[in-house]
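There are 2 protein chains.
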Amino acid sequence: MEFEFDFFVQHNDINLYYATKFRAIDLAFYIVGNDGTDLLLVPDMEKERAIRESRVREIASFGDLGYHDLRREFRNSRKAQAEMLIRLLKTHKAKVVGIPTNFPAYLALPLSQAFDVKVVKSPFLKMRMVKSAEEIEYIRDTSRAIISAFEFALKLLKRERSCDRIRDRIENYLYLRGYLATDTIVSSGKTSAIPHASGGIIEDHVVIDIFPKSRKHYYYSDFTRTVLIEKNDKIEDMLRAVIEAQEKAISIIREGITARDVHYTVCDVLESYGYKTLRQKAKEGFIHSTGHGVGLEIHEDPRIFENEEVLKAGMVFTVEPGLYYKDVGGVRVEDVVVVRKNGCEVLTEYPKMVRL
Amino acid sequence: MEFEFDFFVQHNDINLYYATKFRAIDLAFYIVGNDGTDLLLVPDMEKERAIRESRVREIASFGDLGYHDLRREFRNSRKAQAEMLIRLLKTHKAKVVGIPTNFPAYLALPLSQAFDVKVVKSPFLKMRMVKSAEEIEYIRDTSRAIISAFEFALKLLKRERSCDRIRDRIENYLYLRGYLATDTIVSSGKTSAIPHASGGIIEDHVVIDIFPKSRKHYYYSDFTRTVLIEKNDKIEDMLRAVIEAQEKAISIIREGITARDVHYTVCDVLESYGYKTLRQKAKEGFIHSTGHGVGLEIHEDPRIFENEEVLKAGMVFTVEPGLYYKDVGGVRVEDVVVVRKNGCEVLTEYPKMVRL
Chain P
1 MEFEFDFFVQ
11 HNDINLYYAT
21 KFRAIDLAFY
31 IVGNDGTDLL
41 LVPDMEKERA
51 IRESRVREIA
61 SFGDLGYHDL
71 RREFRNSRKA
81 QAEMLIRLLK
91 THKAKVVGIP
101 TNFPAYLALP
111 LSQAFDVKVV
121 KSPFLKMRMV
131 KSAEEIEYIR
141 DTSRAIISAF
151 EFALKLLKRE
161 RSCDRIRDRI
171 ENYLYLRGYL
181 ATDTIVSSGK
191 TSAIPHASGG
201 IIEDHVVIDI
211 FPKSRKHYYY
221 SDFTRTVLIE
231 KNDKIEDMLR
241 AVIEAQEKAI
251 SIIREGITAR
261 DVHYTVCDVL
271 ESYGYKTLRQ
281 KAKEGFIHST
291 GHGVGLEIHE
301 DPRIFENEEV
311 LKAGMVFTVE
321 PGLYYKDVGG
331 VRVEDVVVVR
341 KNGCEVLTEY
351 PKMVRL
Chain V
1 MEFEFDFFVQ
11 HNDINLYYAT
21 KFRAIDLAFY
31 IVGNDGTDLL
41 LVPDMEKERA
51 IRESRVREIA
61 SFGDLGYHDL
71 RREFRNSRKA
81 QAEMLIRLLK
91 THKAKVVGIP
101 TNFPAYLALP
111 LSQAFDVKVV
121 KSPFLKMRMV
131 KSAEEIEYIR
141 DTSRAIISAF
151 EFALKLLKRE
161 RSCDRIRDRI
171 ENYLYLRGYL
181 ATDTIVSSGK
191 TSAIPHASGG
201 IIEDHVVIDI
211 FPKSRKHYYY
221 SDFTRTVLIE
231 KNDKIEDMLR
241 AVIEAQEKAI
251 SIIREGITAR
261 DVHYTVCDVL
271 ESYGYKTLRQ
281 KAKEGFIHST
291 GHGVGLEIHE
301 DPRIFENEEV
311 LKAGMVFTVE
321 PGLYYKDVGG
331 VRVEDVVVVR
341 KNGCEVLTEY
351 PKMVRL
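Chains P and V, in that order, give the protein sequences.
According to my numbering, the first sequence is numbered sequentially starting from 1.
According to my numbering, the second sequence is numbered sequentially starting from 1.
No lab work stands behind these hints: they were computed from the structure.
Only a predicted model underlies this, so the values are computations on that prediction, with no experimental measurement involved.
A virtual CB, placed ideally from N, CA and C, is assigned to each residue, including glycine.
Accuracy of the hints is not assured; some may be wrong.
[Unchecked claim] So the derived list for chain P, only partly shown, Cβ under 8 Å to chain V, looks like this:
(1) N12
(2) E48
(3) I51
(4) A60
(5) F103
(6) P104
(7) A105
(8) Q113
(9) S148
(10) S162
(11) I287
[As the list claims (entries may be wrong)] Pairwise CB distance ranges, derived in the manner of DEER restraints:
(12) P/D35 <-> V/K312: 47 to 53 Å
(13) P/M127 <-> V/E230: 46 to 52 Å
(14) P/E58 <-> V/K126: 35 to 41 Å
(15) P/R177 <-> V/E160: 47 to 53 Å
(16) V/E308 <-> P/D26: 41 to 47 Å
(17) V/M353 <-> P/R177: 34 to 40 Å
(18) P/K158 <-> V/R159: 51 to 57 Å
(19) P/K121 <-> V/K281: 36 to 42 Å
(20) V/K248 <-> P/D35: 57 to 63 Å
(21) V/A313 <-> P/N34: 51 to 57 Å
[Claimed, not checked] A short list of chain V residues far from chain P (calculated; beta carbon distances all over 10 Å):
(22) R78
(23) I194
(24) S214
(25) E244
(26) H288
In isolation and in its complexed conformation, chain P is listed as follows (with noise of 0.2 Å):
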């Protein structure tokens, strides 16, 4: 391996999925090494279907690395644990030891005690971020059921009043067809200046922002529209700078820019008509950054903000200025797209304004 470490261990998260394909239940490991290691390490009654399921050839249970008899010498599961996999670093003469950032703590101190550690992002989280072509159907797949669901949204909205229950009707909507959405999140008024904030009662302008993953292939996608309702003059000007904002980072994405390139493309269109961004320290106005990498998981690299990342082709993230004031509410508009050699995918193709 080209990395810091000769040895990587990756725990039970969805890493241990994407590079094994196992679903693990509870605790798992993966382990690399520059020696040829490539192993799973599961408990004990799910050697069997980590065997069916995994892509992983050399797969071992706790009980084979003697963890039983380590549990009743420590009487404590959690040292035996550490213990397990710090005689089978060590059998392989492992002297560097990667972890990735989110490693639970109490087998990282005990591992840093015993090896040189290097705590660094996942190798499988970098890989994650370039998408194939496999995978970015399935993002397409789920985005369809997104606008779907928005669709079936703006029905309800001509006659439902209650933004918790078409919450709950576009998850159930989703749900029957296959995604899971959580945390969907539908906001009119002055709440909707909150950007995770739901509820309350429709007014003038609604934010419906949609986050699913399938169920069958477990890829998200990511949406999100302001619906104009009744008269606000500020709500619609701030909407179309908003637009005019997403639109110009849009046509600039393709291979090579960085992602602070299309972070500041909306701090500059949002700051010409006088709203405030966060390179500013505004309070109010575009106060988070302009989008995430979408995946397995919802929120995952690239980060789309002040950061250097040089995006490359195949990445998947959203693209979703949007402005908040406490006095006034929120907009936001956010579609994800596919960054192309000369320039980018929209897997959410949208109208941007919409009136009800």
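Following the hints, position chain V against chain P.
Coordinates of chain V only, in the frame set by chain P:
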């Protein structure tokens, strides 16, 4: 505090929600200290919502603590977060800092260089073991929904032969009633010999294991029945032994006995019929623990295994013996109980022997 540390830092997981009633989206920290510190620390854009929704009185944003300057200084958001926490704790003259076992490594290692860090089971995890009357009603509510979904599944079994389709129908049924079930198990024939496997065609018997959470109050429950469909003496004998083991175990549960007492009662009954158990290092037979706590997570403390955890009134957990043989298949019977002073109450009351 009566702990082995003078400060405790809880990061965003379900314990943070339990302790603060704030549903954080990404990063958040809840910090308690023996100098009276009781602080919820959230990203800037979440501060308003945290003030509205959490029950913590002191709320600060990352920005309030100088995070943005630190991020610019280190050009690394992870280092900036660690430094923000270290400076905050130093301001409070913290010496011994407790962190939960699953605290992320990228913060745990820098903290361990600045303080005497103790990696402990989150004190909130311990508090969560004993449920309030309100929490028990939530779990009872989810239990009722499960029983209703199971009765719906029994009707489906009369005409539907695909385990996957039955599982989808169960999950849809629950979703439309406000409960989210994932990884529901519907397995038949020899597939059922793998405890967490699902799918295939309905054969001689079917194991149905349903464990949804409420989408309103977020509490789980967990229930399994083995339904006999065609004559299979081996399966029927296994099921009789499992039911006897489960009933015997439930009959001894009361405040003051240990988890091990419950687990060994199950093992004793199963072994008396000649079945093997994990206590005998068996690879087939009763190859998992007797149960696990149920609440805001599907698997939480107390674990009902060989551990000597003393049961307290208000603890809620599963009692779920099973037997698994590759050449025959598997059976399992599972209920959720609440420990009372002089016995226990079953929240998932339903006949144990079910024939189609």
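Right, here's what the structure says about each hint:
1. N12: violated, 11 Å
2. E48: holds, 5 Å
3. I51: violated, 10 Å
4. A60: Status violated, d = 14 Å.
5. F103: Holds. Min distance 4 Å.
6. P104: holds, 4 Å
7. A105: holds, 4 Å
8. Q113: violated, 10 Å
9. S148: Hint on P/S148: violated, closest Cβ of chain V at ~17 Å, above 8 Å.
10. S162: Cβ of P/S162 sits 15 Å from chain V, so the hint is violated.
11. I287: Interface hint status for P/I287: holds (5 Å vs cutoff 8 Å).
12. P/D35 <-> V/K312: 47 to 53 Å: Hint holds: Cβ distance 49 Å, inside 47 to 53 Å.
13. P/M127 <-> V/E230: 46 to 52 Å: holds, 48 Å
14. P/E58 <-> V/K126: 35 to 41 Å: holds, 37 Å
15. P/R177 <-> V/E160: 47 to 53 Å: About 20 Å separates the Cβ atoms of P/R177 and V/E160, which means 47 to 53 Å is violated.
16. V/E308 <-> P/D26: 41 to 47 Å: Given range 41 to 47 Å: violated, Cβ gap about 21 Å.
17. V/M353 <-> P/R177: 34 to 40 Å: holds, 37 Å
18. P/K158 <-> V/R159: 51 to 57 Å: Since P/K158 and V/R159 have Cβ atoms about 39 Å apart, the given range 51 to 57 Å is violated.
19. P/K121 <-> V/K281: 36 to 42 Å: holds, 40 Å
20. V/K248 <-> P/D35: 57 to 63 Å: The hint (57 to 63 Å, Cβ to Cβ) is violated, given that V/K248 and P/D35 are roughly 50 Å apart.
21. V/A313 <-> P/N34: 51 to 57 Å: Hint holds: Cβ distance 54 Å, inside 51 to 57 Å.
22. R78: Non-interface label fails for V/R78: nearest chain P Cβ at 6 Å, not farther than 10 Å.
23. I194: Since the minimum Cβ distance to chain P is about 5 Å, V/I194 lies within 10 Å and the statement is violated.
24. S214: holds, 13 Å
25. E244: holds, 23 Å
26. H288: violated, 5 Å
Going down the numbered hints, you'll see the structure goes against 1, 3, 4, 8, 9, 10, 15, 16, 18, 20, 22, 23, 26, while the others check out.
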